[in-house]
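Chains A and B are the protein sequences, given in the same order.
Going by this note's numbering, the first sequence opens with residue 61, and the numbers climb by one from there.
Going by this note's numbering, the second sequence opens with residue 61, and the numbers climb by one from there.
It is worth saying that the hints were derived from the structure and are not from the lab.
Yeah, the Cβ is synthetic: ideal placement off N, Cα and C, and Gly gets one too.
A couple of the hints might just be wrong.
[Claimed, not checked] With the Cβ distance kept under 8 angstroms, some of the chain A side facing chain B (calculated, not the full set):
hint	residue
1	Asp68
2	Leu76
3	Ala79
4	Ile127
[Said to hold, decoys possible] Computed from the model, here is a short list of chain B residues facing chain A with C-beta under 8 angstroms:
hint	residue
5	Ile66
6	Leu74
7	Gln102
8	Arg108
9	Lys112
10	Ile122
Number of protein chains: 2
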Amino acid sequence: MYTLVIYDITDDMLRLRIAEACKEFGLVRIQKSAFLGRIDFQRRKGLRHRLKEVLGNNPGNIQIFLICEADMRFREMIGEPTGYEEEGIMFL
Amino acid sequence: MYTLVIYDITDDMLRLRIAEACKEFGLVRIQKSAFLGRIDFQRRKGLRHRLKEVLGNNPGNIQIFLICEADMRFREMIGEPTGYEEEGIMFL
């Protein structure tokens, strides 16, 4: 199973902390505000807990999707990454 | 099946046109740069075609995910929408 995290957060510092949490729990950046990875239930649970902790009562929205292998085969991509290569953006 | 479109586009006008294409093909905004909806294969094909057309050779990245009903049950949300209510942001 894949875990996809997308977020919509205006505060730069908070957004950075969310990105760092995603990396720490084994996800890889696929867009400016999107991370993807194959992590197990325990890590996903830990990640969810951390994201809640980091966001706290600040404005912002984070959504976590679970995507199975079968569905992931239908993933499609249009265009190229937009300048996040230096941060290690990857297309899993 | 659900279709999730996430995009990473810096040009304001282009981003707006991508959002409009998503709406036109039946998706609903769930974040600033994310749309979701239950659309059939033909509409998804049409949407993909339109998104390619709109992005053209401009810099930007669009990713389309297919998510089945079973996986969608595990979707999780942290925080609240951040000021897109006026545009009709919805949590399907």
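Original post:
Holds or violated: isoleucine 122 of chain B as interface residue toward chain A, Cβ cutoff 8 angstroms?
Top reply: holds (4 angstroms)
Original post:
If you take the shortest Cβ to Cβ gap from isoleucine 66 of chain B to chain A, is it below 8 angstroms?
Top reply: holds (5 angstroms)
Original post:
Measuring from the C-beta of arginine 108 of chain B to each C-beta in chain A, is the shortest one below 8 angstroms?
Top reply: With Cβ-Cβ at 6 angstroms, under 8 angstroms, it holds.
Original post:
Taking the closest Cβ pair, is isoleucine 127 of chain A under 8 angstroms from chain B?
Top reply: Constraint on isoleucine 127 of chain A satisfied, holds at 6 angstroms.
Original post:
Against chain A, is glutamine 102 of chain B within 8 angstroms by beta-carbon distance?
Top reply: violated (15 angstroms)
Original post:
Does aspartate 68 of chain A meet its interface restraint, that is, does its C-beta lie within less than 8 angstroms of any C-beta in chain B?
Top reply: holds (4 angstroms)
Original post:
Once the shortest beta carbon distance from leucine 76 of chain A to chain B is found, is it less than 8 angstroms?
Top reply: violated (16 angstroms)
**OP:** With chain A as the partner, please determine if leucine 74 of chain B meets the hint condition of a C-beta pair closer than 8 angstroms.
**Re:** violated (10 angstroms)
Subject >> Interface hint compliance - lysine 112 of chain B to chain A, C-beta minimum distance less than 8 angstroms >> reply: holds (5 angstroms)
Original post:
Taking 8 angstroms as the limit, does the beta-carbon of alanine 79 of chain A come near enough to a beta-carbon in chain B?
Top reply: violated (13 angstroms)
Hint violations for this structure: numbers 2, 3, 6, 7, all remaining hints satisfied.
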